[in-house]
Amino acid sequence: MIFAMLETGEGFFAPVIFIAFALLIGITVLLFRSFGRKDFVYNKEKAAPFFSGNSSDENDRLKASDYFWGFFEAMNPYYRAIIRMHTGIINDYVFWFVATATIVLLLLFAGVVLWA
Amino acid sequence: MLLGVGLGLFAINTPLASFGFKAMLGGMFHILNHAMYKGLLFLTAGAVIYATGKRNLDELSGLARKMPLTAIFFIIGAAAIAGLPPTNGFASKFLIYESSYMFNPLLAAIAMIVSVLTLVSFIKVFCSVFLGPELKDLSGIKEVPKSMLFAMLLLCIFIILFGIFPDIVVKGIVEPAASALLNQSAYIGAVL
Numbered sequence: 001m002i003f004a005m006l007e008t009g010e011g012f013f014a015p016v017i018f019i020a021f022a023l024l025i026g027i028t029v030l031l032f033r034s035f036g037r038k039d040f041v042y043n044k045e046k047a048a049p050f051f052s053g054n055s056s057d058e059n060d061r062l063k064a065s066d067y068f069w070g071f072f073e074a075m076n077p078y079y080r081a082i083i084r085m086h087t088g089i090i091n092d093y094v095f096w097f098v099a100t101a102t103i104v105l106l107l108l109f110a111g112v113v114l115w116a
Numbered sequence: 001m002l003l004g005v006g007l008g009l010f011a012i013n014t015p016l017a018s019f020g021f022k023a024m025l026g027g028m029f030h031i032l033n034h035a036m037y038k039g040l041l042f043l044t045a046g047a048v049i050y051a052t053g054k055r056n057l058d059e060l061s062g063l064a065r066k067m068p069l070t071a072i073f074f075i076i077g078a079a080a081i082a083g084l085p086p087t088n089g090f091a092s093k094f095l096i097y098e099s100s101y102m103f104n105p106l107l108a109a110i111a112m113i114v115s116v117l118t119l120v121s122f123i124k125v126f127c128s129v130f131l132g133p134e135l136k137d138l139s140g141i142k143e144v145p146k147s148m149l150f151a152m153l154l155l156c157i158f159i160i161l162f163g164i165f166p167d168i169v170v171k172g173i174v175e176p177a178a179s180a181l182l183n184q185s186a187y188i189g190a191v192l
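Top line first, the protein sequences correspond to chains V and H. Counting from 1, one number per residue, gives the positions in the first sequence under this note's numbering. Counting from 1, one number per residue, gives the positions in the second sequence under this note's numbering.
None of the hints are false.
30 Å max Cα-Cα, derived DSS-like pairs, lysine-lysine: (1) Lys142/H to Lys63/V; (2) Lys142/H to Lys38/H; (3) Lys46/V to Lys66/H; (4) Lys66/H to Lys136/H; (5) Lys124/H to Lys136/H; (6) Lys142/H to Lys44/V; (7) Lys54/H to Lys146/H; (8) Lys44/V to Lys66/H; (9) Lys46/V to Lys136/H; (10) Lys124/H to Lys146/H; (11) Lys38/H to Lys66/H; (12) Lys38/H to Lys124/H; (13) Lys136/H to Lys54/H; (14) Lys66/H to Lys142/H; (15) Lys63/V to Lys38/H; (16) Lys136/H to Lys63/V; (17) Lys44/V to Lys136/H; (18) Lys54/H to Lys63/V; (19) Lys54/H to Lys124/H; (20) Lys44/V to Lys54/H; (21) Lys46/V to Lys124/H; (22) Lys63/V to Lys66/H; (23) Lys142/H to Lys54/H; (24) Lys46/V to Lys142/H; (25) Lys171/H to Lys38/H; (26) Lys124/H to Lys44/V; (27) Lys124/H to Lys63/V; (28) Lys38/H to Lys146/H.
Output of the computed footprint for chain H on chain V, the stretches with three or more beta carbons under 8 Å from beta carbons of chain H: (29) 6-12; (30) 63-73; (31) 104-113.
What the hints contain is simulated information worked out from the structure, not anything from laboratory work. The beta-carbon is built from N, C-alpha and C at its ideal position, and this holds for glycine as well.
Build out the structure end to end from the sequences listed, making use of the hints.
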């Protein structure tokens, strides 16, 4: 039972074996780490964050709205289009729901027809 | 959830009925799992609001130092919602992905991309709220009361147990429910 697998019909997943491997990798990493320098002394100065060579204060922090800035800039045309679609009119949302459901159903039909 | 249960209902009396049943198992298992990890994430959000009195992510930083347990519970909830093994979210998503792939690989690909984007969004939340420098106006906060921590811990235990032993849950709870949904005459007979 301990090695019981989750059968998916096409494959399987054995969580206990997954965890055993994760532990094995963790132990290996710690083993490599133990070969490191023994004379290293940790102190806060060594690990202090810095910004372009200057010490950093709390104003330099990344705010939530700064995260993935480059991604949002690169995807700007996509986001502009998506925001334009959000009109706030329920009829529009129902249209998108029906349209998406139709596409998914067509994909499913295609899959079943190809299989048959 | 919709993909899994929808595939199951769609595939009745088709050549892919066995995969449809697996998809339905995944969908129903995911409903169960979703209630747990989304509940946990709401509780962690509530704990942050309770401790700081703030709702704006931009005004939060470095909370893991003051609220380490809440941070750990958030990581577990985020891992589960993003479908990372060995949490329960992975087990149910894995069932859905593998079975929906048999219908159309595009469906599985879209579902996986959505999971990756979910992970990205939760990394943003975790890094901005729990990591980073400590803010001066948040220096006085402390971990939430034990009763709140206990509720989160309970959900975490179930999330991990359901992730490590998904086969027991699927065979014991989900499979009978899925069979009842597909075999409606037996269900109606039992009720009447």
